[in-house]
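Chain A is fixed; fit chain B onto it per the hints.
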Amino acid sequence: KQEVTQIPAALSVPEGENLVLNCSFTDSAIYNLQWFRQDPGKGLTSLLLIQSSQREQTSGRLNASLDKSSGRSTLYIAASQPGDSATYLCAVRPGANNLFFGTGTRLTVIP
Amino acid sequence: DTEVTQTPKHLVMGMTNKKSLKCEQHMGHRAMYWYKQKAKKPPELMFVYSYEKLSINESVPSRFSPECPNSSLLNLHLHALQPEDSALYLCASSQERGAENIQYFGAGTRLSVL
Numbered sequence: 273k274q275e276v277t278q279i280p281a282a283l284s285v286p287e288g289e290n291l292v293l294n295c296s297f298t299d300s301a302i303y304n305l306q307w308f309r310q311d312p313g314k315g316l317t318s319l320l321l322i323q324s325s326q327r328e329q330t331s332g333r334l335n336a337s338l339d340k341s342s343g344r345s346t347l348y349i350a351a352s353q354p355g356d357s358a359t360y361l362c363a364v365r366p367g368a369n370n371l372f373f374g375t376g377t378r379l380t381v382i383p
Numbered sequence: 857d858t859e860v861t862q863t864p865k866h867l868v869m870g871m872t873n874k875k876s877l878k879c880e881q882h883m884g885h886r887a888m889y890w891y892k893q894k895a896k897k898p899p900e901l902m903f904v905y906s907y908e909k910l911s912i913n914e915s916v917p918s919r920f921s922p923e924c925p926n927s928s929l930l931n932l933h934l935h936a937l938q939p940e941d942s943a944l945y946l947c948a949s950s951q952e953r954g955a956e957n958i959q960y961f962g963a964g965t966r967l968s969v970l
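Protein chains in written order, with our numbering: chain A, 273 to 383; chain B, 857 to 970.
Okay, chain A solo, but in the shape it has when bound (with noise of 0.2 Å):
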């Protein structure tokens, strides 16, 4: 069974600051994978989606790589924001409609 792991579980920066977020998954048979931002109490908002021909996408301050044969994948966010403040969830899509998620990144930006 897929299995996927979010490396570190609470990370905290002051802001402007460069960080990095870590997605690691077991089986390299996906789809695609793609990241999510959720604030506390709320629904997920889509960020970014990399197919696994892809080997990044990039919004705005936010760029997402994705390392299949090695089962990774990386967002980077460039000069943080305090509403940058989320939980950050990768998933990966082995079949159609099945999504399995990460464990969450809880992610605090220091005015």
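Hints are all accurate, no fakes.
Here are the computed lysine-lysine pairs in the BS3-like style, where the Cα-Cα straight-line distance is at most 27 Å: (1) K909/B x K874/B; (2) K865/B x K314/A; (3) K878/B x K314/A; (4) K314/A x K896/B; (5) K892/B x K314/A.
Stretch by stretch, here's where chain B covers chain A in the computed footprint (C-beta under 8 Å, at least three residues): (6) 300 to 314; (7) 317 to 326; (8) 371 to 381.
Derived from the structure by calculation, the hints contain no laboratory data.
Glycine included, every Cβ here is placed at the ideal spot set by N, Cα and C.
Structure of chain B alone, referenced to chain A:
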């Protein structure tokens, strides 16, 4: 418009109650999903509807009963729940079932079972 609307936002119910969670989208998506998320845990898939037909049921207890009355609506009927069913229930939709389709999530319904 990429909005998935869930109602109610909060629900408290006793173990003998019957209640329903509702989800609505107007993006023309033909696949809709229910997820359950316990505190500090990732979401877990419960059900998938594709073209208004149930296509995946992830061994969910029968006290949860999904319904898709039309392509825009998805309900989750609840009956005789247990306290351990307390969680955030998330609805999502995507254009179709294909792996390339992004799932859009609602804000969730926070359910407490007393």
